[in-house]
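Take the given structure of chain A and dock chain B to it, following the hints.
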Amino acid sequence: MSALAIFWFIIIFVVIFGYFVLDGFDLGVGVAYPFLAKNEKEKAILRYEIGPVWDGNEVWLLTAGGALFAAFGPAYATTFSGFYLAIMLVLFGLIFRVIGLEFYSRDLAPKQLCDGLFVVGSFLPALLLGVAVGNVLAGLPLDANGDYMGSFFALLNPFALLCGLVGLAQFVSLGCAWTAVKTLPGDLHDRAVDLRGKSQIAVVVLFVLATVCYFVQVPSTMAGDLPLAVPGVCAALVVIAFLAELAFGRKGEAGDLPNFLAAAVICLGLVALTATSLFPNIVPAVDPANSVTIASAAGSDVGLGAMTVILCIGLPLVLFYHFLVYRTFAGKVTDADLEGAEY
Amino acid sequence: MDPAMLARIQFGFIACYHFLFVPMSIGTGLIMAIEQTRAYKSKAAEDIAAATFWAKVFTLCFAVGVATGITMEFSFGTNWADYSRFVGDIFGAPLAAEALFAFFLESTFLGVVLLGKNKVSPKFYLASSWLAWGGSLLSALWIIIANSWMQTPAGYTVEQAATGSKAVMTDFFTAALNHSTLPRYFHVVVALIIMGALVAVAIGAYHMLHSKKEFGKKALRVGTIVALVAAVVMMPAGHQQAVEVAQQQPEKLAAMEAQYADGPAGMTIIGFVDEESQEVKAIEVPIPGMTSILISGDPSYEIQGLNSFDSGDVPPVGLVFQTYHLMILAYGLICLWVLLALIATVKAKKGKEPGKGLLKALLFAPIFPIIAIQTGWMCAEFGRQPWIVYHELRTVDAYSQAVDPTELIISLVLFVVVYLAIFVVFLRLFFHLAKQGPTDADRKGTSVGSIADKLAGGAKAAGEATAVAEGAAAAKEVK
Numbered sequence: 015m016s017a018l019a020i021f022w023f024i025i026i027f028v029v030i031f032g033y034f035v036l037d038g039f040d041l042g043v044g045v046a047y048p049f050l051a052k053n054e055k056e057k058a059i060l061r062y063e064i065g066p067v068w069d070g071n072e073v074w075l076l077t078a079g080g081a082l083f084a085a086f087g088p089a090y091a092t093t094f095s096g097f098y099l100a101i102m103l104v105l106f107g108l109i110f111r112v113i114g115l116e117f118y119s120r121d122l123a124p125k126q127l128c129d130g131l132f133v134v135g136s137f138l139p140a141l142l143l144g145v146a147v148g149n150v151l152a153g154l155p156l157d158a159n160g161d162y163m164g165s166f167f168a169l170l171n172p173f174a175l176l177c178g179l180v181g182l183a184q185f186v187s188l189g190c191a192w193t194a195v196k197t198l199p200g201d202l203h204d205r206a207v208d209l210r211g212k213s214q215i216a217v218v219v220l221f222v223l224a225t226v227c228y229f230v231q232v233p234s235t236m237a238g239d240l241p242l243a244v245p246g247v248c249a250a251l252v253v254i255a256f257l258a259e260l261a262f263g264r265k266g267e268a269g270d271l272p273n274f275l276a277a278a279v280i281c282l283g284l285v286a287l288t289a290t291s292l293f294p295n296i297v298p299a300v301d302p303a304n305s306v307t308i309a310s311a312a313g314s315d316v317g318l319g320a321m322t323v324i325l326c327i328g329l330p331l332v333l334f335y336h337f338l339v340y341r342t343f344a345g346k347v348t349d350a351d352l353e354g355a356e357y
Numbered sequence: 022m023d024p025a026m027l028a029r030i031q032f033g034f035i036a037c038y039h040f041l042f043v044p045m046s047i048g049t050g051l052i053m054a055i056e057q058t059r060a061y062k063s064k065a066a067e068d069i070a071a072a073t074f075w076a077k078v079f080t081l082c083f084a085v086g087v088a089t090g091i092t093m094e095f096s097f098g099t100n101w102a103d104y105s106r107f108v109g110d111i112f113g114a115p116l117a118a119e120a121l122f123a124f125f126l127e128s129t130f131l132g133v134v135l136l137g138k139n140k141v142s143p144k145f146y147l148a149s150s151w152l153a154w155g156g157s158l159l160s161a162l163w164i165i166i167a168n169s170w171m172q173t174p175a176g177y178t179v180e181q182a183a184t185g186s187k188a189v190m191t192d193f194f195t196a197a198l199n200h201s202t203l204p205r206y207f208h209v210v211v212a213l214i215i216m217g218a219l220v221a222v223a224i225g226a227y228h229m230l231h232s233k234k235e236f237g238k239k240a241l242r243v244g245t246i247v248a249l250v251a252a253v254v255m256m257p258a259g260h261q262q263a264v265e266v267a268q269q270q271p272e273k274l275a276a277m278e279a280q281y282a283d284g285p286a287g288m289t290i291i292g293f294v295d296e297e298s299q300e301v302k303a304i305e306v307p308i309p310g311m312t313s314i315l316i317s318g319d320p321s322y323e324i325q326g327l328n329s330f331d332s333g334d335v336p337p338v339g340l341v342f343q344t345y346h347l348m349i350l351a352y353g354l355i356c357l358w359v360l361l362a363l364i365a366t367v368k369a370k371k372g373k374e375p376g377k378g379l380l381k382a383l384l385f386a387p388i389f390p391i392i393a394i395q396t397g398w399m400c401a402e403f404g405r406q407p408w409i410v411y412h413e414l415r416t417v418d419a420y421s422q423a424v425d426p427t428e429l430i431i432s433l434v435l436f437v438v439v440y441l442a443i444f445v446v447f448l449r450l451f452f453h454l455a456k457q458g459p460t461d462a463d464r465k466g467t468s469v470g471s472i473a474d475k476l477a478g479g480a481k482a483a484g485e486a487t488a489v490a491e492g493a494a495a496a497k498e499v500k
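Protein chains in written order, with this note's numbering: chain A, 15 to 357; chain B, 22 to 500.
Just chain A, same shape as in the assembly:
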């Protein structure tokens, strides 16, 4: 297990964290869309607050997929083929979502269908990505080639489903927190704050249940090598960030942005908890000899070196692009933004 391989193990989870926060809030907006928006204008505001950024946010998922493929090819192969039908549902969700969002405004577009596609398309990944992570944490029955030997329905075990719900609640919480940041005082803002509070409580309750379930359901051989204190610190971070969410949630509008950032810290805690619980495994197997580990899956030093150069050039550019687009569309969504004809 080279230092470069460990570095890339960390980078993969950093990219997943980036995806979790950024696409997290726009997936969350999609899931919460029917609950937050009660009329055409409010729906328009919700679409507008993610309109210029959702595509870039989703690229984090492609980056994570590409980086996993490049750095730990066997881990990419095992998880994507093992979760075949689940991944297909995520993919169809993402396809529906793009179509729902991008076709909506076109002449002749079936509006209600587009709305439905947007919501369903946001819901499927928001739920299933957590289920996938739960199954990785719980370990998989793998053969010597690294192929998953279980059935699709075995993936729907209690721990994995709880992880899916934690993810779903967290996505909704991010979506509501973002909506609170982007909307002027009014009904929409109030509903976002209300659902934000509820979903944030749901996250922590489900998180506790999932943790209990982990210790009950998952054999201890699936856990990685790090002392329990390390994932313990990550779990503590989740709880502390939750308390911060509660505190900021009471501060009214001034607390909206800090609340969103606290929700982002929860993502950090959850991703770090996953990484530290797995290390040095990437996909633990029921038969430990078949586990996909950092050492067994890592690419060559030349390959990882090339990826590191690509990362060092690419990541600053990506951050710069994000800075540009978020600055361009900074501030709350106003009527002037919505009045396309007034441009």
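These aren't lab readings, by the way, just hints derived from the structure by calculation.
Glycine included, each C-beta is placed from N, C-alpha and C at the ideal position.
Treat each hint with caution, since some may be false.
Some chain A residues near chain B, calculated using beta-carbon distances under 10 angstroms [what the hints assert, rightly or not]: (1) N71; (2) G79; (3) I113; (4) R120; (5) L122; (6) Y162; (7) T342; (8) D351.
Taking lysine-lysine and the DSS-like style, the derived pairs with C-alpha atoms no more than 30 angstroms apart in a straight line are [said to hold, decoys possible]: (9) B/K381 <-> B/K456; (10) B/K62 <-> B/K140; (11) B/K144 <-> A/K346; (12) B/K140 <-> A/K52; (13) B/K62 <-> B/K144; (14) B/K238 <-> B/K62; (15) B/K140 <-> A/K125; (16) A/K125 <-> B/K456; (17) B/K377 <-> B/K239; (18) B/K144 <-> B/K238; (19) B/K368 <-> B/K239; (20) B/K144 <-> B/K64; (21) B/K373 <-> B/K239; (22) B/K140 <-> A/K346; (23) B/K238 <-> B/K373.
Just chain B now, kept in the frame of chain A:
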């Protein structure tokens, strides 16, 4: 059913489908950027309207490209797990680079093009149009790098791993810039530009036949100029790739001309291959050894025939032969239609009305680049068979063993149903947009409006609803 075959059918279907929208968006992206530049310079209302119209065309195609592109990246893991285990060290890097260098660039500036018109300076807006297009060209480069490595692998060694053999990178630049990368990139990009240009020609011709004649003339002219340049550049672009194939993948070249025995090869225009009897019934170019001439300049240049290879190592001859010749045939028709477009453009320039028949013929122009692009890609990929990585890994050894045929059939059926539904809706929206042309709202330079357009409508509707409700309340009070 054979899982390897099912996986191939699924991948072929989603790749061909995706590769309808990629050429449409990259091709029309150039037209959009040109029109944005014109609008930036002239500040004329008609030019702004035209630029907005082209941005709408570009973004509509782009949206389906994005939606169907995610599937592609995940398909290597979902359907080709053993392939991924073999090539991860090399093939993953260009995919990650594509996301970092190209997709972020595209998506960021596309966001500005779509919704940022009143948020940024005109100069920044114009730069965003070019950068969104530039991002799409970069993504094409990275994906061609990845695919070319499958065709002509380089910069690697094969090592034994716990899960079988795997390719290990020895040199990044040798792997990325393998023998076929640049020839293929050149060929593909020129083809995509022809695609977009002929879409402009057809849309221009349509509006010259209908009421928006001035817009039609401009679209026709831009399309014709770009198509003319690109169609001429295609000759060296196609030629150098054929030479590259001859040198690097002789089995593919032999299959393209169905050359079974060693010897000089002629060039077929149209024909039929009987793979059993190895007979080719064909109409040939009347110059003997034409293919040999094109490759080497010498009509007696010997091309290695298919029979000199192990019979298990040759591609499906009939498919490669037919797709190759369909591509060439479609290119011939492209050239013919570019000439027709040129005639119409010159007539219009002289102030004469081009004939209705001529303009109607031009409406069909985009069909030929679609055929050429699709069959050309098929020729490249069928021609690589039976290898998934040329001379290193066979396609039958590369699919996901964890995925059973039932799951494959479920996903394949879903893809067909969902993609066809999207196609129907897309065509409806696209034809409506193309026939409508630039609108009055576009003249004001409104946002392109993936969302914002409707927002205006939605907000108005909401306002009316409020007014109605207020009116009702007032009426009640009066009572």
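* To do: Could you grab the alpha-carbon distance between A/K125 and B/K456 and see if it respects the 30 angstroms cut-off?
  => holds (21 angstroms)
* To do: Take the C-alpha atoms of B/K144 and A/K346, compute the straight-line distance between them, and say whether it is at most 30 angstroms.
  => holds (25 angstroms)
* Classify the hint on A/I113 as holds or violated, based on whether any CB of chain B lies nearer than 10 angstroms to its CB. => holds (6 angstroms)
* With a cut-off of 30 angstroms on the C-alpha distance, tell me whether B/K62 and B/K140 pass. => Holds - the C-alpha atoms of B/K140 and B/K62 are around 19 angstroms apart, at most 30 angstroms.
* Asked: Has the given pair, B/K140 with A/K125, been kept, meaning a C-alpha gap of at most 30 angstroms?
  -> Holds, because 27 angstroms separates the two Cα atoms, which is no more than 30 angstroms.
* Assess, step by step, whether the Cα of B/K140 is no farther than 30 angstroms from the Cα of A/K346, and give holds or violated. => holds (13 angstroms)
* **Restraint check, 10 angstroms cut-off on beta carbons, for A/L122 near chain B** => OK, holds: A/L122 within 10 angstroms of chain B, min 5 angstroms.
* Assess, step by step, whether the Cα of B/K144 is no farther than 30 angstroms from the Cα of B/K238, and give holds or violated. => Satisfied, since the Cα-Cα distance of roughly 26 angstroms is no more than 30 angstroms.
* Asked: Taking the closest Cβ pair, is A/R120 under 10 angstroms from chain B?
  -> holds (5 angstroms)
* Interface hint compliance - A/Y162 to chain B, C-beta minimum distance less than 10 angstroms -> holds (4 angstroms)
* Asked: Between B/K381 and B/K456, is the straight-line Cα distance small enough, at 30 angstroms or below?
  -> This hinted pair holds, its Cα atoms lying about 14 angstroms apart.
* Take the C-alpha atoms of B/K62 and B/K144, compute the straight-line distance between them, and say whether it is at most 30 angstroms. => Roughly 10 angstroms separates the two Cα atoms, so the pair holds.
The structure is consistent with each of the numbered hints, conforming to all of them.
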